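Numbering of the sequence shown is given in this note's numbering, commencing with residue 187 and proceeding in unit increments.
Keep in mind the hints are simulated off the structure, nothing from the lab.
Values in this document were obtained by computation on a predicted structure and should not be read as measured data.
Among the clues, some could well be false.
Stated by the list, open to error - Pairwise CB distance ranges (calculated):
id: 1; residue 1: Gln-803; residue 2: Phe-530; range: 45 to 55 Å
id: 2; residue 1: Lys-400; residue 2: Ser-596; range: 13 to 23 Å
id: 3; residue 1: Lys-389; residue 2: Ala-760; range: 42 to 52 Å
id: 4; residue 1: Asn-429; residue 2: Thr-732; range: 55 to 65 Å
id: 5; residue 1: Thr-732; residue 2: Leu-511; range: 35 to 45 Å
id: 6; residue 1: Lys-772; residue 2: Asp-561; range: 51 to 61 Å
id: 7; residue 1: Thr-732; residue 2: Lys-452; range: 35 to 45 Å
id: 8; residue 1: Lys-459; residue 2: Gln-372; range: 36 to 46 Å
To be verified - No farther apart than 20 Å at their CA atoms in a straight line, the calculated lysine to aspartate or glutamate pairs in the EDC-like style are these:
id: 9; residue 1: Lys-459; residue 2: Asp-436
id: 10; residue 1: Lys-448; residue 2: Glu-437
id: 11; residue 1: Lys-389; residue 2: Asp-428
id: 12; residue 1: Lys-394; residue 2: Asp-334
id: 13; residue 1: Lys-419; residue 2: Asp-386
id: 14; residue 1: Lys-625; residue 2: Asp-504
id: 15; residue 1: Lys-284; residue 2: Glu-328
id: 16; residue 1: Lys-625; residue 2: Asp-575
id: 17; residue 1: Lys-362; residue 2: Asp-428
id: 18; residue 1: Lys-419; residue 2: Asp-453
id: 19; residue 1: Lys-459; residue 2: Asp-382
id: 20; residue 1: Lys-416; residue 2: Asp-428
id: 21; residue 1: Lys-767; residue 2: Asp-731
id: 22; residue 1: Lys-419; residue 2: Asp-436
Positions of the beta carbon are idealized from the N, C-alpha and C atoms, including for glycine.
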Amino acid sequence: MKLKPTLLVLAVTSLMAGCDNNNTSKHAPNNNADNPPVALDAKKVESSNSETPEQAAIDLKQLFSNNFEQSLSFNPIQATAIGDARFNDQLPNFFSEKYRKESHDFTVKWLEKIKSIDRNLLSGQDRISYDIFIYESEQSLEGEQFPDELIPINQSSNIASFFAQLGSGKSFQPFKTVKDYDDFLQRIAGAVIILDQTVDNMKQGIEKRVVQPKALMEKVLPQISNHIVKTAKESVFFQPIDNIPENFSDEDKARLTKLYTKAIEKDIVPTYKKLHDFIANDYLNHARESFGLSELPNGVNWYNYTIKTQTTTDMTADEIHQFGLAEVARIRSEMQQVMTDVGFEGSLADWFNHVQTDEKFFYKDSEALLQGYRDLQEKVNKLVPSMFDIAPKADYEVRAVEAFRAESASGASYMAGTPDGSRPGIFYVNTFNLKAQPKYGMETLSIHEAAPGHHFQLSIQQEIEDMPSFRRFGGNNAFVEGWALYAESIGKEMGMFTDPMQYYGRLNDEMLRAMRLVVDTGLHSKNWSRQRAITYMMDNSSLADTDVVSEVERYIAWPGQALGYKIGQKIISALRAEAEKTLGDKFDIKAFHREILIDGAVPMEVLKVKVREWISQQS
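All chains should be built: construct the whole structure from the sequences, respecting the hints.
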């Protein structure tokens, strides 16, 4: 599979991943050889007549194993994220032309190897893995025509901030042993090269008229300037030294303190300043006033490609836009019903103003907010067994987003733990603006980011030991985010949302996902301005002003990603309705959820085939 030359994307893929289940094959669809999953390239290379199904399965598993092993040395960040410490000192130049060429060759080589297996000899889980590997690899090769390496940084995907997270000691880079500390010093050297390459690539982007919107890059500057400090002790990169283990020898403590101080003052700070000054003094003068991806060379095709990769469907921008408009209208109607239920008199706009401004809906300090989420964690953990018979090994922790990235980070996010459960998952809550964290949205946000949303899906997937590693630690946006949004939709069945305001919070969040369909396609295919997108979202939700601006700029920075939520949820919910209608009294919600989760994230068309096979087996 191709390794995309975007460090943050590379890392996030592996972060979003942990329950031991060794019986996945019996749940896998037994696809008819003449009817491969829709939208997947089932092209095969004929194998020798002597090859048997048993041998084909063995060969395939070995190829997958070899591929993943080689991919870790090629992408050591992913290795670190999943708890493999062998490459913790390495950091290739992901943005270089050399790396992109090696990435291409790697993809082509392994695509040919996998296609050498006769697909018709495979069944069950093996056939699913085969199809997914080819689908994702060919999709990656198709994407090489679009020069995302020329726009390597924005406020949502900032390699400088990402590296600071690693170096803070509060992410997945370990700082427990002397070797851990020495390893990261080597990564600092690699980061300097990557950040210099970032500048070079943006210069090429200026020449080729492939540049970021000015409004986004202005938000990048404070993210970088936070790390341009006068002394090493002021840097987040010094925090591992502040927290150096007591069991280190005095000699090692002194040596590491000296080396980290030098690395920060002589390497990190000057490199961050170079990047900052280039953006401030040069790049902003060439950044564009437009916002849509379609405004770039070959931009229309580029956006259509992002839709395909982010939704794993063949839906068009127009289809998605119209679906979004219909969903916004439906949810507005349900919001008005909540207004009636709580006895509020006035228009929907009046209601939005009320829930945005009434102090009773907000915490006054960040610790109270975090404790509120920890209390919810206990509540949800008790309710989940009513609808699930599987759960991750590890629990999760609730943490505040680090101060250095809080101003521009999203309201919440999830980082998976390790497959063995030794490192818990982390549910990050942004406490920068408490007015952007209303009490009525807490149940929904907790379900989405933690249990039974991301924490369940990503961790369970990661813990399936007999699944090929590229699937255990991979996934696709439509499934991952679609599942989390579906999880929100079953909150009332689980025993949540008994308070009408908490149910309103669910509607408010679902409205956000519906508006995304309209706004993302509006920005990137219908020439919407940033202000038009902001106004549309303000008119249709009670989101805080700061949240709306952050969301719109996220869609500008990451075209198509926001489409996966509702499209994925739509397909999962439709499959559940189909199962309920077909099975009647035989329908078991726990069995259905197990079937959705037990094979990890798969493309939506594969999911349809898989679930329909399961339905036929239950009939």
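Against the structure, the hints:
Against the hinted window of 45 to 55 Å, the Cβ-Cβ separation of Gln-803 and Phe-530 comes to about 48 Å, which satisfies the hint. Between Lys-400 and Ser-596 the CB atoms are about 22 Å apart, so this pair conforms to the stated range of 13 to 23 Å. Taking the beta carbon of each, Lys-389 and Ala-760 are about 47 Å apart, inside 42 to 52 Å as hinted. Under the hint 55 to 65 Å, the C-beta atoms of Asn-429 and Thr-732, about 32 Å apart, miss the expected range.
Separated by about 25 Å at the C-beta atoms, Thr-732 and Leu-511 break the suggested range of 35 to 45 Å. Our hint of 51 to 61 Å for Lys-772 and Asp-561 is violated, since their Cβ atoms are close to 37 Å apart. For the pair Thr-732 and Lys-452, the supplied restraint of 35 to 45 Å holds, since their beta-carbon distance comes to about 37 Å. Separation of Lys-459 from Gln-372 is about 22 Å and departs from the stated range, judged on CB atoms against 36 to 46 Å.
The suggested pairing of Lys-459 with Asp-436 is violated, with an alpha-carbon distance near 33 Å, which exceeds 20 Å. Only pairs whose Cα atoms come within 20 Å are accepted, and Lys-448 paired with Glu-437 is accepted, the gap being roughly 17 Å. Restraint check: the Cα-Cα separation between Lys-389 and Asp-428 comes to about 37 Å, which exceeds 20 Å; the hinted pair is violated. Only pairs whose Cα atoms come within 20 Å are accepted, and Lys-394 paired with Asp-334 is accepted, the gap being roughly 12 Å.
For the hint pairing Lys-419 with Asp-386, the CA-to-CA distance comes to about 30 Å; that exceeds 20 Å, so the pair is violated. Simply put, Lys-625 and Asp-504 have alpha-carbon atoms about 35 Å apart, too far for the 20 Å limit, and the pair is violated. Restraint check for Lys-284 and Glu-328: satisfied, since their Cα atoms lie roughly 19 Å apart, inside the 20 Å limit. Using a Cα cut-off of 20 Å, the hinted pair Lys-625 and Asp-575 is violated, with the two alpha carbons roughly 30 Å apart.
A distance of roughly 13 Å separates the Cα atoms of Lys-362 and Asp-428; the hinted pair therefore holds under the 20 Å criterion. A distance of roughly 15 Å separates the Cα atoms of Lys-419 and Asp-453; the hinted pair therefore holds under the 20 Å criterion. Pair hint Lys-459 plus Asp-382 holds up; C-alpha atoms about 11 Å apart against a cutoff of 20 Å. The hinted pair formed by Lys-416 and Asp-428 meets the criterion: a straight-line CA distance of about 17 Å does not exceed 20 Å.
For the given pair, Lys-767 sits about 42 Å from Asp-731 by alpha-carbon distance, which is inconsistent with the 20 Å threshold. For the proposed pair Lys-419 and Asp-436, the alpha carbon gap of about 19 Å is at most 20 Å, so the pair holds.
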